[in-house]
Amino acid sequence: MGDMKKKTILIMIFISLLLSNVSAIDAGITMGTFSGGTHFEEGTYVTFGFITGVSKRIEFESSLVSQITPSPLANIKLKTSFSYALVAPVYYMGEKDPLYLNIFVSLGIMNSLPFDNTWGPFITLTPISAGGPQFLRKERVAALSLYYDVPSEKIGFFFQLFSIDFFFNR
Amino acid sequence: MKKMLLTLITFILFTGVLFSSSWIGGYKVSLSGFHTDSITHSEHLSVNLLYSPVLNSNTAVTLYGGYAFSNLFLPVTQSVVGGLSYAHLIAQNHPLEALFIHDSALWAAVDVSVMRVLSSTPHTFLNVAVSPFSLFFGQKFITVGSLILTYNMEMNELDWGVKIIEVTHYLW
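In order, the protein sequence lines correspond to chains Z and C.
According to my numbering, the first sequence is numbered sequentially starting from 345.
According to my numbering, the second sequence is numbered sequentially starting from 1419.
Note that these hints are calculated values from the structure, not bench results.
Be a bit skeptical, because a hint or two may be false.
Stated by the list, open to error - To give an idea of the chain Z side of the interface with chain C (calculated C-beta under 7 Å), a few residues: (1) Thr377; (2) His383; (3) Glu386; (4) Gly387; (5) Thr388; (6) Val390; (7) Phe392; (8) Phe394; (9) Leu408; (10) Ile412; (11) Pro414.
Stated by the list, open to error - Chain C stretches covered by chain Z per the calculated footprint, using a threshold of three residues with CB under 8 Å from any CB of chain Z: (12) 1517-1529; (13) 1532-1543.
A virtual CB, placed ideally from N, CA and C, is assigned to each residue, including glycine.
Start from the sequences and build out the full structure, keeping to the hints where you can.
Below, the structure is given as structure tokens:
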């Protein structure tokens, strides 16, 4: 059997497993506000993306950050992160009742789209997170991030006053 | 003009009692961005106290007033705001209902406000916000994606803005 054929079969098995288990995945869409520091052009920004639990305490998020005023869909950035629930598990709780309030710490990378040499890692503290997949909704308040812009070697901040995650109905 | 305004406010306050439910007061916070160059482009966080003389199962009339100021990092022109909003029920059963555990209803709202910018070159804006998507949860409205038409009364300029999100929370 050729290498190509093996790869195709493996990919098909992987996709089949993924699709058969998609209903069991704690995942949803996320949207929120975004206030950039001096690294970002002056404007009003929003975020929109995808969020999923990868373990009971760890979630993965990938969001687009876009300006809406004064220039809609300008200065777009891709923000990708892994977050850890400090207080209690949130995802894949089965029949167990999860804690409603939580605190998250996130590590991630943000880069401009199209890529124009603006990128860097960030660390975020989300002091208030309320809800979770079992509540179909999670609200995150006052998430403060420390961002390091690699090309300019400068440290800055960004702030998300309010984000809301809507989880798919299981 | 002043007499007319006072009469209107008195009329709303008194007739409101006839139509109101138990919720009449609370606060609302919103985040907005503006296209006009007369004020800064970073988002304006507006914090308001509100009074709803009319709030029943399909109509809400709200008077509010407050203060708009900066986000954490960038300087934003500060302003005082006062306005009147009218919201009406669109659908009790809406397509996004399954996303929420609590009962929700889809409303639409129109909001007229005056915004006085507190800067060395003060401007007064007449703002009309149209909100086609407002969810009511019994004691809380969450409104997203409102379009704002702004009219600069000193410079006679028409411009626009966006209210990203507004949370109206009744406390008493």
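How the hints compare with the structure:
no., hint, in the structure
1, Thr377, "holds (5 Å)"
2, His383, "violated (10 Å)"
3, Glu386, "holds (5 Å)"
4, Gly387, "holds (5 Å)"
5, Thr388, "holds (2 Å)"
6, Val390, "holds (6 Å)"
7, Phe392, "violated (11 Å)"
8, Phe394, "violated (15 Å)"
9, Leu408, "violated (15 Å)"
10, Ile412, "holds (5 Å)"
11, Pro414, "holds (5 Å)"
12, 1517-1529, "holds (count 3)"
13, 1532-1543, "violated (count 0)"
Hint check: violations occur at hints 2, 7, 8, 9, 13; the rest are consistent with the structure.
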